[in-house]
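In terms of the numbering used here, the sequence shown has 174 at position 37, counting the first letter as 1, and numbering is strictly consecutive.
Careful, some of the hints might be misleading.
Claimed, not checked - FRET-style restraints, in silico, Cβ to Cβ: (1) L240 x L260: 54 to 60 angstroms; (2) P159 x A222: 38 to 44 angstroms; (3) V264 x V294: 57 to 63 angstroms; (4) I178 x G257: 40 to 46 angstroms; (5) L239 x G278: 34 to 40 angstroms; (6) H190 x R158: 32 to 38 angstroms.
By construction, these hints were calculated from the structure, which means they are not laboratory data.
Think of the CB as a built atom: it goes at the ideal place given N, C-alpha and C, for glycine as much as any other residue.
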Amino acid sequence: MTEPPDTVPASDAPLPIPVPRPRARGRLLRWWLLASLAATIVLLACVALGLGHADITPLHIVVDGEDLTPGPTLDAPGVAGHLVAGAILFMVTLLLVLVVPLLAFLVLGAVAVAVVLGVGVPLAALVLALALVSSPLWLVGLCVWAVLRHRGPAPAVTMQA
Numbered sequence: 138m139t140e141p142p143d144t145v146p147a148s149d150a151p152l153p154i155p156v157p158r159p160r161a162r163g164r165l166l167r168w169w170l171l172a173s174l175a176a177t178i179v180l181l182a183c184v185a186l187g188l189g190h191a192d193i194t195p196l197h198i199v200v201d202g203e204d205l206t207p208g209p210t211l212d213a214p215g216v217a218g219h220l221v222a223g224a225i226l227f228m229v230t231l232l233l234v235l236v237v238p239l240l241a242f243l244v245l246g247a248v249a250v251a252v253v254l255g256v257g258v259p260l261a262a263l264v265l266a267l268a269l270v271s272s273p274l275w276l277v278g279l280c281v282w283a284v285l286r287h288r289g290p291a292p293a294v295t296m297q298a
């Protein structure tokens, strides 16, 4: 049976190029970092606006029973002060959630590099030096092994005509 001339045989058809799909963990990490960045920017804007509009004074001044501080103070902040303080605490918490794991990985990586450079490289150099120094002994051992392994003459190979 022959194929019609307008069709392409299956062996000549182009193969589809596989497109690697990102893993679920990688997608989650990218979205988490994006959401964290957005939350950080929004919280910075909220804290800046809150501190600018709340008019919180650090001292509560009272002279002869008369209150000289018109707005909220740190010892009696009011609703605006509580909102700004909450936003600041949330911002610090978010910062700690992002920075503490990063610092932990950085410290572990630095310790791993120090261990490899401090122990691994000198150990590898010692092994190479011992192998170089003991190479004549390895050669003698190889020759002795070859002599002891030899079990008589090799069988003769004959060709038949």
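Hint check:
no.	hint	verdict
1	L240 x L260: 54 to 60 angstroms	violated (29 angstroms)
2	P159 x A222: 38 to 44 angstroms	holds (40 angstroms)
3	V264 x V294: 57 to 63 angstroms	violated (43 angstroms)
4	I178 x G257: 40 to 46 angstroms	holds (43 angstroms)
5	L239 x G278: 34 to 40 angstroms	violated (53 angstroms)
6	H190 x R158: 32 to 38 angstroms	violated (47 angstroms)
In the structure shown, a violation is registered for the earlier hints numbered 1, 3, 5, 6, in ascending order.
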